[in-house]
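Protein chains: 2
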Amino acid sequence: KHGRVDLAFGAGGQAMAQLIAELFARAFANDYLARGDDAAVLPALTAGERLVLATDAHVVSPLFFPGGDIGSLSVHGTINDLAVMGARPLYLAASFILEEGFALAELARIVDSMATAARAAGVAVVTGDTKVVERGKGDGIFITTTGVGALPAGRDPGGARAQPGDAILVSGTLGDHGMAIMAQREALAFESEIRSDSAALHDLVETLYAATDASAIHVLRDPTRGGLASTLNEIAAQSGVGMLVDEASIPVSPAVQSACELLGLDPLNLANEGKLVLICAPHATASLLAAMRAHPLGGEAACIGEVCIDPQGFVQLRTCLGGRRMLDWLAGEPLPRIC
Amino acid sequence: KHGRVDLAFGAGGQAMAQLIAELFARAFANDYLARGDDAAVLPALTAGERLVLATDAHVVSPLFFPGGDIGSLSVHGTINDLAVMGARPLYLAASFILEEGFALAELARIVDSMATAARAAGVAVVTGDTKVVERGKGDGIFITTTGVGALPAGRDPGGARAQPGDAILVSGTLGDHGMAIMAQREALAFESEIRSDSAALHDLVETLYAATDASAIHVLRDPTRGGLASTLNEIAAQSGVGMLVDEASIPVSPAVQSACELLGLDPLNLANEGKLVLICAPHATASLLAAMRAHPLGGEAACIGEVCIDPQGFVQLRTCLGGRRMLDWLAGEPLPRIC
Ligand SMILES: Nc1ncnc2c1ncn2[C@@H]1O[C@H](COP(=O)(O)OP(=O)(O)OP(=O)(O)O)[C@@H](O)[C@H]1O
Ligand SMILES: Nc1ncnc2c1ncn2[C@@H]1O[C@H](COP(=O)(O)OP(=O)(O)OP(=O)(O)O)[C@@H](O)[C@H]1O
Ligand SMILES: [Mg+2]
Ligand SMILES: [Mg+2]
Ligand SMILES: [Mg+2]
Ligand SMILES: [Mg+2]
Ligand SMILES: [Mg+2]
Ligand SMILES: [Mg+2]
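Chains as they are written, first to last, in my numbering: chain A, 50 to 388; chain B, 50 to 388.
Bound conformation, chain A alone (with noise of 0.2 Å):
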């Protein structure tokens, strides 16, 4: 259709009844959805799996970038916010807030992606929601997902775990995402050069569990915004420890390596939408560091630090040159609207 969104969607009538049965719930097709009920109703968890709670707002723009949009990347981020915790993703509820004027093609568009990702994941959207602002109110589409996990005994990763002598672990290189945006932001040359690394990394995190015994994972977390910095900044204020990195053996890749210099930025404050971060036993490390790199997401793997005493908390950067300096949290100019 050449239509646009019409304040009527949102307004609880036959349109947005309409609306939603012919283009969420299509595209969504479950049962759950299908019942068309206030909320739905999912069977009781394995016994034994505790219940794991994620949810993001999704506002980036521009909404199509190089490896992705905001529907798929709406369910990747959420997903993975279960996966780190050792979660089983299950369930989504996905909440739109759509601008009045906002072309219905593009709608379907981020739909269809969403509904790619979530099928290609194994996750089922459930419930949801559709709101509609006045022209000017917002920007086109907001989409919250909010994701419900399984988590089996044993596992217990949180970012209060770290401990000195642990290995820190990264899946991959840095700052593809954040440099994506960035780039088809301000249109420049290398903008197709450079796609996002959006992925569900659920299967990686299972890899990572069948290879070693779940004690030995003490953290896991996707560096997203704020980037590595602020992710090992956070966990070492967790977990009352310091870190010390080695910058060399951080990945980045050659193009998002120029990107940055050439846009003043540092590729560790910049998002990751695909990566892990993963803080281990020593013991495990080897295994853990392999079973990555045999997984798709996983081939550019590398250990680039390690955990140390320190109750302030401070990461250092063991730099190419052989000096020391702080890695601090992401400071200066924000990058807004990213995810």
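Honestly, the hints are just simulated from the structure, not real lab data. Certain hints may be false.
Facing chain B, from chain A, some residues (calculated, C-beta under 7 Å) [to be verified]:
hint: 1; residue: H51
hint: 2; residue: R53
hint: 3; residue: A57
hint: 4; residue: G61
hint: 5; residue: G62
hint: 6; residue: D86
hint: 7; residue: D87
hint: 8; residue: A88
hint: 9; residue: L131
hint: 10; residue: V133
hint: 11; residue: A173
hint: 12; residue: Q233
hint: 13; residue: M375
hint: 14; residue: W378
hint: 15; residue: P385
For each label pair, taking beta carbons as the anchor points, the in silico distance ranges come out as [claimed, not checked]:
hint: 16; chain 1: A; residue 1: G97; chain 2: B; residue 2: L237; range: 32 to 42 Å
hint: 17; chain 1: B; residue 1: A96; chain 2: A; residue 2: A154; range: 40 to 50 Å
hint: 18; chain 1: B; residue 1: D252; chain 2: A; residue 2: A70; range: 50 to 60 Å
hint: 19; chain 1: A; residue 1: Q67; chain 2: B; residue 2: R342; range: 33 to 43 Å
hint: 20; chain 1: A; residue 1: A70; chain 2: B; residue 2: E235; range: 42 to 52 Å
hint: 21; chain 1: B; residue 1: A263; chain 2: A; residue 2: H51; range: 41 to 51 Å
hint: 22; chain 1: B; residue 1: R373; chain 2: A; residue 2: T95; range: 37 to 47 Å
Since the model is a prediction, treat every value here as computed from it, not as a measurement. From the three backbone atoms N, C-alpha and C, an ideal C-beta is built for every residue, glycine too.
For chain A, the structure is supplied; the task is to place chain B with the ligands on it using the hints.
Okay, now just chain B with the ligands, sitting in the frame of chain A:
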């Protein structure tokens, strides 16, 4: 503070971490959220209980209105979608889309109101998200809440379960929320007289299940956007039945009634945020109506009609003058951003 929302509050760095710690985590205070991890890890549900999931974005304008604000509304709205499936609400996820420049004092007021409403309902906000969009790309604040509830065995209300002969009950006066918003928006004189009915309905629902055999409760629904008219049409379509409603028996407050006449609105098209529609087996009508009336949120409950055979799913109104007219879905000018 006299501060305003800054883009840095959504950028993933230290400013965001500080806002979350000092404003959100402090107000919502609970151990799950305090962990500060990527997702909340929650206990397994009681054995035999099914999981229920509901989500709603809240974009109401104005943000503050007689009887509530976007914060309390976002808690009540999602709790109610769990409650009308028969579930006990347990946890909420809350995702915020803030506009650059929004006053921190208003944000704090809204967050406090959410926290108060959640605490009163016995539900914890266990995980959240904070995004910031540039000035002019949002409208102050949008809040998406997602709720998780537990559904005890034996309860199975659903929109498809209405049967010919069933009674249709409502728990009180209709149109209060919608008219409270409209009146304030238009700065009408009776603005302060009409208060939103925003309230959490799960305790009323528990009272109803205690008053009868669970199988007698066929349908529960909260008549939000689109009002009673759309809600009855939805249920009629889902169940493949007709309905016959007595206009004279529908409770509407005198203030809402006269405001509707002034504005040319129909109270049956106006949103409610603290009312139940209940469709039950005829033998349970008297006890359920009595149970409603004995509850603080059901004092003006009424039986308004009955379900009849009609494969076309028509909802008809027996008017006060003795005639009949179709009660259609909300039509005409949509009432945007009522919730
Ligand atoms: N964008 C969407 N994608 C998938 N399902 C949706 C979407 N929007 C709504 N739904 C589904 O459509 C049905 C009706 O949704 P609706 O939001 O009208 O219900 P509600 O939350 O009870 O009402 P309100 O939002 O007015 O409080 C629900 O089953 C809901 O899960
Ligand atoms: N508005 C909020 N209210 C309550 N808790 C919040 C809020 N915003 C964030 N949080 C909590 O703060 C912590 C960090 O949230 P954050 O959104 O940075 O994590 P993330 O989802 O892993 O990252 P990203 O959003 O970049 O993907 C989480 O524990 C989250 O539940
Ligand atoms: Mg509802
Ligand atoms: Mg996230
Ligand atoms: Mg809804
Ligand atoms: Mg995360
Ligand atoms: Mg609702
Ligand atoms: Mg988040």
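Okay, the hints, checked on the actual structure:
Because the beta carbon of H51 of chain A sits about 21 Å from the nearest beta carbon in chain B, more than 7 Å, this interface hint is broken. With a least beta-carbon distance of about 14 Å to chain B, the hint placing R53 of chain A at the interface is violated under the 7 Å criterion. For A57 of chain A, the suggested interface contact is upheld, since its CB lies about 4 Å from the closest CB of chain B, less than 7 Å. Look at G61 of chain A: its Cβ gets to within about 3 Å of chain B, closer than 7 Å, so that hint holds up.
The restraint placing G62 of chain A at the interface with chain B holds, with a minimum CB-CB distance near 4 Å, inside the 7 Å limit. A hinted interface residue such as D86 of chain A counts as satisfied when its beta carbon comes closer than 7 Å to some beta carbon of chain B; here the least separation is about 5 Å, so the hint holds. At its closest, the beta carbon of D87 of chain A sits 4 Å from a beta carbon of chain B; the interface hint therefore holds under the 7 Å criterion. Given the 7 Å rule on beta carbons, the hint for A88 of chain A holds: about 3 Å separates it from the nearest Cβ of chain B.
Because the beta carbon of L131 of chain A sits about 5 Å from the nearest beta carbon in chain B, less than 7 Å, this interface hint is met. Because the closest C-beta pair between V133 of chain A and chain B is about 5 Å apart, less than 7 Å, the hint holds. Checking A173 of chain A against chain B: minimum C-beta separation of about 11 Å lies over 7 Å; hint violated. The interface hint given for Q233 of chain A is broken, as the beta carbon of that residue sits about 17 Å from the closest beta carbon of chain B, more than 7 Å.
For M375 of chain A, the interface hint is violated, the least distance from its beta-carbon to any beta-carbon of chain B being 13 Å, above 7 Å. Interface restraint check: W378 of chain A against chain B, minimum CB-CB distance 4 Å, threshold 7 Å, status holds. Using the Cβ-Cβ criterion of 7 Å, the hint placing P385 of chain A at the interface with chain B is satisfied: the shortest such distance is roughly 5 Å. Roughly 57 Å separates the CB atoms of G97 of chain A and L237 of chain B, a value that falls outside the hinted 32 to 42 Å.
Our hint of 40 to 50 Å for A96 of chain B and A154 of chain A holds, since their Cβ atoms are close to 47 Å apart. Distance hint for D252 of chain B and A70 of chain A: a CB-CB separation of about 33 Å, inconsistent with the stated range 50 to 60 Å. Distance hint check: the CB atoms of Q67 of chain A and R342 of chain B are about 37 Å apart, consistent with the given range 33 to 43 Å. For the pair A70 of chain A and E235 of chain B, the supplied restraint of 42 to 52 Å is violated, since their beta-carbon distance comes to about 33 Å.
As the Cβ distance of A263 of chain B to H51 of chain A is approximately 49 Å, the hint placing it in 41 to 51 Å holds. At roughly 53 Å, the beta-carbon separation of R373 of chain B and T95 of chain A lies outside the given 37 to 47 Å, and the hint is violated.
The structure is inconsistent with the numbered hints 1, 2, 11, 12, 13, 16, 18, 20 and 22, although it conforms to all the rest.
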